[in-house]
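These protein sequence lines map, in sequence, to chains V and F.
For the first sequence, the positions run 566 to 806 when this note's numbering is used.
For the second sequence, the positions run 44 to 95 when this note's numbering is used.
No wet-lab data here; the hints were simulated from the structure.
Be aware that one or more of the hints could be misleading.
[Stated by the list, open to error] With the Cβ distance kept under 8 Å, some of the chain F side facing chain V (calculated, not the full set):
1. Y49
2. V56
3. F57
4. Q72
5. K85
[Said to hold, decoys possible] Okay, derived cross-link-like pairs now, DMTMM-like style, lysine to aspartate or glutamate, Cα gap no bigger than 25 Å in a straight line:
6. F:K85 <-> V:E779
7. V:K641 <-> V:E703
8. V:K641 <-> F:E78
The structure presented is a predicted model; accordingly, all values stated were derived computationally and were not measured.
The beta carbon of each residue, even a glycine, is placed where N, CA and C say it ideally should be.
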Amino acid sequence: MRSPGRDLLGIGLAGLSGVAMLAALGMVFFYAPREATMGDVQRIFYFHVASAWVGFFAFLVTFLMGVAYLGRRERKWDILGLCSVEIGLVFITMAVVSGSLWARPVWGTYWTWEPRLTISFVQLLIYVAYRRLRAAVEGPERRARYAAVYGIVAFVTVPLSWFAIRWWRTIHPDILTGGGGMAVTSRMVHTLLVSLAAFTLLYATLLRLRTRLEQTVEAVAHLRTHVHTAVYTDQPGGSYV
Amino acid sequence: MSDLHYLLAAYVVFWLLTFALVLSIWVRQRRLEREIVALMDKLPPDAGDLES
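With the hints as extra help, turn the sequences into a complete structure.
Quick look at the structure:
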């Protein structure tokens with residue numbers, strides 16, 4: 566059995582994302598201007614949008630891995646889909662929590678059942694159910710097939726969430742059209758772009774770490790079977806000790 | 044709570060969730076690597092090649 570060894574790509578990604586996160590933090594607090602109407606609490610917006618972006622991107626990866634798995638039936642696509650969902654869940658949770666903390670001073674409430682927030686909440690539940698589905702289905706091939714189909718169908722929540730603020734009456738700001746009462750300056754755009762790049766690098770790092778963990782889980786399962794077989798066949802009369 | 048407290052809370056939540064995810068992956072990875080070593084010790088010397 567080959568030992569995992571040093572993961573140079575993982576170390577490189579971790580270093581890059583660390584530097585990018587520090588740059589993003591520096592820009593959020595020292596480069597981006599104080600927003601005229603909301604004040605300093607608007608600085609939540611940079612990491613809030615970047616968290617939501619990574620959440621959506623992670624679910625897109627799961628969608629694509631689901632399509633790849635159904636086409637090729639290769640285990641690696643299933644592993645990538647699973648790992649991406651777990652990371653996406655963490656980042657969508659960050660987006661929901663940071664959004665609530667921004668909403669309290671700006672809207673006067675932590676939560677309101679408007680379309681974008683409601684869809685985000687439903688999306689969280691749907692992807693938590695993805696994990697539950699995997700735990701409930703017996704057999705690796707069947708589990709991977711069900712998860713691939715579920716990951717493809719669940720992805721409908723991403724465009725729904727993205728377009729919710731354009732299709733329905735909502736109080737959620739739309740940064741692309743400048744809606745929501747926020748005066749967006751060029752320094753704010755630079756800060757947001759650096760934050761998006763930093764979060765994307767962080768996602769790649771976490772996906773690399775999580776994928777290696779899943780590969781180790783499979784290696785241990787394989788080794789357990791091998792040890793069981795070797796020890797069992799060594800015993801006189803076939804009794805396992 | 045002042046506006047700065049909300050800002051601080053949002054960034055603390057972000058870092059806490061990130062570190063919790065990394066820590067959870069790291070702890071599970073270490074546990075599995077220890078299990079691999081323990082299982083390798085149980086294998087008879089002539090158990091064959093496990094590279095595959």
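Comparing the hints with the structure gives:
no.: 1; hint: Y49; verdict: holds (5 Å)
no.: 2; hint: V56; verdict: holds (5 Å)
no.: 3; hint: F57; verdict: holds (5 Å)
no.: 4; hint: Q72; verdict: holds (5 Å)
no.: 5; hint: K85; verdict: holds (5 Å)
no.: 6; hint: F:K85 <-> V:E779; verdict: holds (23 Å)
no.: 7; hint: V:K641 <-> V:E703; verdict: holds (18 Å)
no.: 8; hint: V:K641 <-> F:E78; verdict: holds (23 Å)
The structure fails none of the hints (numbered hints given earlier).
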